Amino acid sequence: MIRKRGLIFAAVGASVLVISGGAARAADGEIALFANGEDLATDGFVGQKRTRDGWELRFDHIFVTVDALAAHQTEPPFDAGAGGAPAAVVTVEFDTGGPVTLDLAAAGDDGRLLVAEAAAPEGHYNALTWSVVPAPGGDWAGDWAENWAGQSMVFIGTATKDGQTVPFTLTSDDTHAYACGEYVGDERKGFVTAGGAADLEITFHLDHVFGRADKPADDPMNLQARGFDAFAGGGPQAINLAGLHIGHVGEGHCAVSDR
Amino acid sequence: MPSAIASGPVGAVVALMLLAAPSPLLAHGALLELAETRAVTVHAHYDTGAPMAAAQVAVFAPDDPATPWLTGRTDDDGRFTFVPDDRAGRWAVQARQAGHGAMGYITWGAAGPGEATVLATASPAAPDGLQRLVLAACVVWACISTALYLRRRRAEAGEAR
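Chains A and B are the protein sequences, given in the same order.
Using the numbering used here, the first residue of the first sequence is number 1, and each one after it goes up by one.
Using the numbering used here, the first residue of the second sequence is number 1, and each one after it goes up by one.
Hints listed in this document are in silico derivations from the structure and should not be mistaken for laboratory results.
Treat the numbers as computed from the prediction; the structure is a model and nothing was measured.
Ideal Cβ positions, reconstructed from N, Cα and C, are used throughout, including at glycine.
Among these hints, one or two may not hold up.
Unchecked claim - Selected chain A positions facing chain B (Cβ under 7 Å, derived; list incomplete): (1) Phe-34; (2) Pro-77; (3) Glu-182; (4) Val-184; (5) Arg-188; (6) Glu-251.
To be verified - Label pairs and their in silico Cβ distance ranges: (7) A:Gly-150 x B:Asp-86: 35 to 43 Å; (8) A:Gly-84 x B:Arg-87: 26 to 34 Å; (9) B:Gly-49 x A:Gln-48: 26 to 34 Å; (10) B:Pro-62 x A:Gly-196: 13 to 21 Å; (11) B:Asp-75 x A:Asp-43: 54 to 62 Å; (12) B:Ala-88 x A:Asp-229: 49 to 57 Å; (13) A:Ala-232 x B:Thr-48: 45 to 53 Å; (14) B:Gly-89 x A:Gln-164: 33 to 41 Å; (15) A:Asp-218 x B:Leu-31: 24 to 32 Å; (16) B:Gly-89 x A:Asp-218: 57 to 65 Å; (17) A:Asp-43 x B:Thr-67: 28 to 36 Å.
As the list claims (entries may be wrong) - Some chain A residues flagged as far from chain B (calculated, every beta-carbon gap over 10 Å): (18) Val-18; (19) Gly-97; (20) Glu-187; (21) Gly-233.
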């Protein structure tokens, strides 16, 4: 099945082939899409990697809800720094059946969570678009939906500093739409060959939320990060994530718009 | 006359010494051959202006884009220069430092960098682009060398006529 659907960032024109998630064709391969909160999600902000204001954070859960996931072959390669829309010639939409809530703190040893898989025509998928959206309610999310429906990111854990221990729950209902270029990391990703499999990754840089004590205080990331002092009272509190560039593709940049 | 070879008996002795000299001595000879070439210089820096000094660089050739063709590090000014081989097409360059990275691309044509286009991607190290990391594949040197090459070709063609 081939269909076209409006995407926030995807430049869907007459020459753009848009493939829905389950549509396999001759000479197709597969793409697996992962999410990764890195060691800051699974191990927490510990050791040298405390928050910018010196708190250790350990997470029980980091819930993030994503939607409208799509991989693109773009020509020319998408320049996330310049913004705009990727010039997609092939788009593969991941059919997740709606928003998907992930727990970044529950990732395995490699820090990655499988989000979706899709058949994909051959080529290099050098751009990725997705959105972080408020979670809908429903049985699919269990207790979490009952408590946190309407939130797009929820951080649940314990903070410690100078002998003080603070259980916290930080919630955000912000919506962020990301348009990213090519994955940047130890290896290039996204090369689909006939019958082959490739993977892509959306990467959440949590140090953009809380800052890092091992970075200079005047590091632009630390200047923008929220830190934890403001939440030292503990318990459920709202956190404003607007304007923060949390989503990446590995170390690669994404353009982000907040709603 | 800046140099000369002795003649007569002395010259014969010298000639014999030269003939008898052990050949390994020739291994100490150093020869330089200089030629112009086309090159690409990558300038990797944050948008604060700070260079990405000693950043990891990987260069990918058009026909094997998943395998690094060349790796290295930028200099203190964030620059890295390489000479692509004769494979035409889109070359990709990746630079990474301290958890931030970017890709740059250059289309390298057989006819020279006059066909080259440059696209740089950027990675912000902070919100609002305050520390956007920019990797720019610079082709200035390539264009200059090509201009010299073409000028020389024209001059040679003119002499031939």
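Status of the hints after comparison with the structure:
Given hint, Phe-34 (chain A) at the interface with chain B, is violated; its Cβ is 18 Å from that chain's nearest Cβ, farther than 7 Å. Annotation: Pro-77 (chain A) was flagged as interfacial toward chain B, and the flag holds, the nearest CB pair being 5 Å apart, inside 7 Å. With a cut of 7 Å, the hint placing Glu-182 (chain A) at the interface with chain B holds, because the nearest CB-to-CB distance is about 5 Å. Below 7 Å, beta-carbon pairs count as interface contacts, and Val-184 (chain A) has one with chain B at about 4 Å; its hint therefore holds.
At about 5 Å, the closest approach between the beta carbon of Arg-188 (chain A) and any beta carbon in chain B falls short of 7 Å, and the interface hint on this residue holds. Below 7 Å, beta-carbon pairs count as interface contacts, and Glu-251 (chain A) has one with chain B at about 4 Å; its hint therefore holds. For Gly-150 (chain A) and Asp-86 (chain B), the hinted distance range of 35 to 43 Å is not satisfied, since their beta carbons lie about 58 Å from each other. Our hint of 26 to 34 Å for Gly-84 (chain A) and Arg-87 (chain B) holds, since their Cβ atoms are close to 30 Å apart.
Checked against the hint of 26 to 34 Å, the C-beta distance between Gly-49 (chain B) and Gln-48 (chain A) comes to roughly 27 Å, which is consistent with it. Between Pro-62 (chain B) and Gly-196 (chain A) the beta carbons are some 19 Å apart, a value that agrees with the proposed interval 13 to 21 Å. Roughly 34 Å separates the CB atoms of Asp-75 (chain B) and Asp-43 (chain A), a value that falls outside the hinted 54 to 62 Å. Distance hint for Ala-88 (chain B) and Asp-229 (chain A): a CB-CB separation of about 56 Å, consistent with the stated range 49 to 57 Å.
Range check, Ala-232 (chain A) to Thr-48 (chain B): about 31 Å between beta-carbon atoms, so the 45 to 53 Å window is missed. Under the hint 33 to 41 Å, the C-beta atoms of Gly-89 (chain B) and Gln-164 (chain A), about 59 Å apart, miss the expected range. A beta carbon spacing of about 53 Å between Asp-218 (chain A) and Leu-31 (chain B) contradicts the range 24 to 32 Å that was offered as a hint. Checked against the hint of 57 to 65 Å, the pair Gly-89 (chain B) and Asp-218 (chain A) fails, with Cβ atoms roughly 42 Å apart.
Range check, Asp-43 (chain A) to Thr-67 (chain B): Cβ separation about 32 Å, and the 28 to 36 Å hint holds. Consistency note on Val-18 (chain A): stated as away from chain B, and its beta-carbon is indeed over 10 Å from all of that chain's, at 23 Å minimum. For Gly-97 (chain A), the requirement that its beta carbon stay farther than 10 Å from each beta carbon of chain B is met, with the minimum near 32 Å. The Cβ of Glu-187 (chain A) does not lie farther than 10 Å from every Cβ of chain B; its closest approach is about 7 Å, which violates its non-interface assignment.
The Cβ of Gly-233 (chain A) sits about 24 Å from the closest Cβ of chain B, beyond the 10 Å cut-off, so the non-interface label holds.
Violation of the numbered hints given earlier is confined to hints 1, 7, 11, 13, 14, 15, 16, 20; the remaining hints are satisfied by the structure.
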